[in-house]
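Read off the chains here:
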Amino acid sequence: MPEIKNDILNCRILIVEDDRLGRLVLHEVFKQQGFLHIEEVENGRLALEIMPVFKPNLVILDVVMPEMDGIECCKHMRAHSDPAIANVPILFQTALDSIADKARLFAAGATDYLTKPIDPHEITARAVVHLEREVMMRRLREYNQRVKRELDTARSTQHLMLPSPRQLSNIEALHHVHLHHHFQPSSELGGDLWGIKSISSEEFSISTVDFSGHGVNAALNVFRLQALIHSAPHLDTAPSAYLTNLNTLLAQLVPVGQFATMFYGVVNTVSNTLSYASAAAPAPILFHSDGRYSALDSSGMLLGAMQNTTYETRIVPFHSGDTLLLYSDALTETRDASGNVLDADAIAVMFNDAMRAMPGDYSDYFQAICSDFASNFSATLNDDLTIVGCTRA
Amino acid sequence: MDGKSLYRAHVLLVEDVLDLVAINEAKEMMKAQFSTMLEYFLEDAETYIEKVREGIAANNAQKIVMPVHTLTSSSRQMGAIKMAEIGKKMEVMAHEQCRSSTNDMVLFAEMLDKLEVAFSETKDVFKQHAA
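Top to bottom, those sequences are chains Z and A.
First residue of the first sequence? That's 1 in my numbering, and the numbers climb one at a time after it.
First residue of the second sequence? That's 1 in my numbering, and the numbers climb one at a time after it.
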């Protein structure tokens, strides 16, 4: 018999057997192998009573017993509200030898069985196999729980980087705009970010960022970028200089092969203009109050991909009643169940139709479109999705 | 019967009643606890036989199932092959009668007699050869 590891010997074994001779044999076999925590009870009812206290890692269960037999006990365990009891490996020991009897054991939830009389080598080997698996599964569950807790914390932190409802209300009141947004990471953490900031009583900036990839790696880059933006106030300059400066800083930080697309625009509510620069962001769509719409030129080098990149400031009219729609490429690259994707034209038509169907009710049509997209594309969404709408009142 | 024949009869009796290989394995497995194991077996076998007798007296096959099952199982574990064999037959018969809702105790009474003889032989042989 190969040496049994200490973490297996520390596992708790519950023997459920009505015959004291059978209990003695099993106890002695496990004791001689070095198992440290062995408990015995005489029937299924007593087993169920002791389990929440003893918390066995393996149950050796006899089939024919008074008060509650092994099969009944097994069914109760598998239906138990405590996952530690519901999932514990159950090794039946049985003198029953027909195929139908064995099938009944597995139908009740048996992990394995062995036939009496007990062979010490066989029962030890099987117990060790099931305990090793149980220990591995327990560690995996603990690891998953820890990772989930940490990801939950990271996700909360990431959500704090997005504009708060209070910030949005302030911007809306100060600059007479309506703002709506949809942010949907494809996994626990995302590589998208958007922001809005009042520069003066006449100007505010609006930006979207989408890092390559998604998940933890992309999220770390989002944190890096956010730190750069907050630690470098000189970035609040013209859009071209803003992206140029940000690119210089970011390119020194992110590993080769990691980069972002970004849109940075400044809305001037006096000159009725949108000045913007783009680092290969998906083409924003500008809807005019007269029903026309156009996709903006968003060409430009990727952000953070290389040093010494410069960006161009472009200026377009942005009047009262116009809407600027920004989005990440998940909107145009995600396929629905039939394999269809939305292109910029389809998005523009979709929003325009919604605007005509619900004139003046900006909030409803924006949410309707996001819900529509979510219902058709969410099942296949494998990238982070951000949609931001800004309408001048 | 000469000494040689007596010896052969005696050897045959041991082999019919006990599986000496199984007993040696049990001794190896249980070490110092083997004597406790034997003590439990001999004490509990009497209890199980008594319960079978009660089941027969009550004309109730259902009451026979559990004691013969446990007795068969512990007999196998102990290497008491003759008791295990009779016990298994009684267990199968008890299950069949439960399924068919019959309670024919004549056969059970005959087999109980055989079981008690086998138990007596087993005790003797254990005392002489295995304890």
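Don't read these hints as lab results, they were simulated from the structure.
Glycine is no exception: its CB is placed at the ideal position from the N, C-alpha and C atoms.
Hints should not be assumed to be uniformly reliable.
Said to hold, decoys possible - Listed below are the simulated PhoX-like cross-link pairs for lysine-lysine, each with C-alpha atoms no more than 25 Å apart in a straight line:
| no. | chain 1 | residue 1 | chain 2 | residue 2 |
| --- | --- | --- | --- | --- |
| 1 | Z | Lys-116 | A | Lys-89 |
| 2 | A | Lys-63 | Z | Lys-102 |
| 3 | Z | Lys-116 | A | Lys-63 |
| 4 | A | Lys-114 | A | Lys-127 |
| 5 | Z | Lys-5 | A | Lys-31 |
| 6 | Z | Lys-102 | A | Lys-127 |
Said to hold, decoys possible - Partner residues aside, some chain A positions facing chain Z, computed with beta carbon under 10 Å:
| no. | residue |
| --- | --- |
| 7 | Val-14 |
| 8 | Asp-16 |
| 9 | Val-21 |
| 10 | Ala-22 |
| 11 | Asn-24 |
| 12 | Ala-26 |
| 13 | Lys-31 |
| 14 | Gln-62 |
| 15 | Arg-76 |
| 16 | Glu-85 |
| 17 | Lys-89 |
| 18 | Gln-97 |
| 19 | Ser-101 |
| 20 | Met-105 |
| 21 | Ala-109 |
Taking the hints in turn, this is what the structure says about them:
no., hint, result
1, Z:Lys-116 to A:Lys-89, "holds, 16 Å"
2, A:Lys-63 to Z:Lys-102, "holds, 23 Å"
3, Z:Lys-116 to A:Lys-63, "holds, 22 Å"
4, A:Lys-114 to A:Lys-127, "holds, 20 Å"
5, Z:Lys-5 to A:Lys-31, "holds, 23 Å"
6, Z:Lys-102 to A:Lys-127, "violated, 37 Å"
7, Val-14, "violated, 19 Å"
8, Asp-16, "violated, 18 Å"
9, Val-21, "violated, 12 Å"
10, Ala-22, "holds, 7 Å"
11, Asn-24, "violated, 13 Å"
12, Ala-26, "holds, 8 Å"
13, Lys-31, "holds, 7 Å"
14, Gln-62, "violated, 12 Å"
15, Arg-76, "holds, 4 Å"
16, Glu-85, "violated, 13 Å"
17, Lys-89, "violated, 14 Å"
18, Gln-97, "violated, 16 Å"
19, Ser-101, "violated, 20 Å"
20, Met-105, "violated, 21 Å"
21, Ala-109, "violated, 23 Å"
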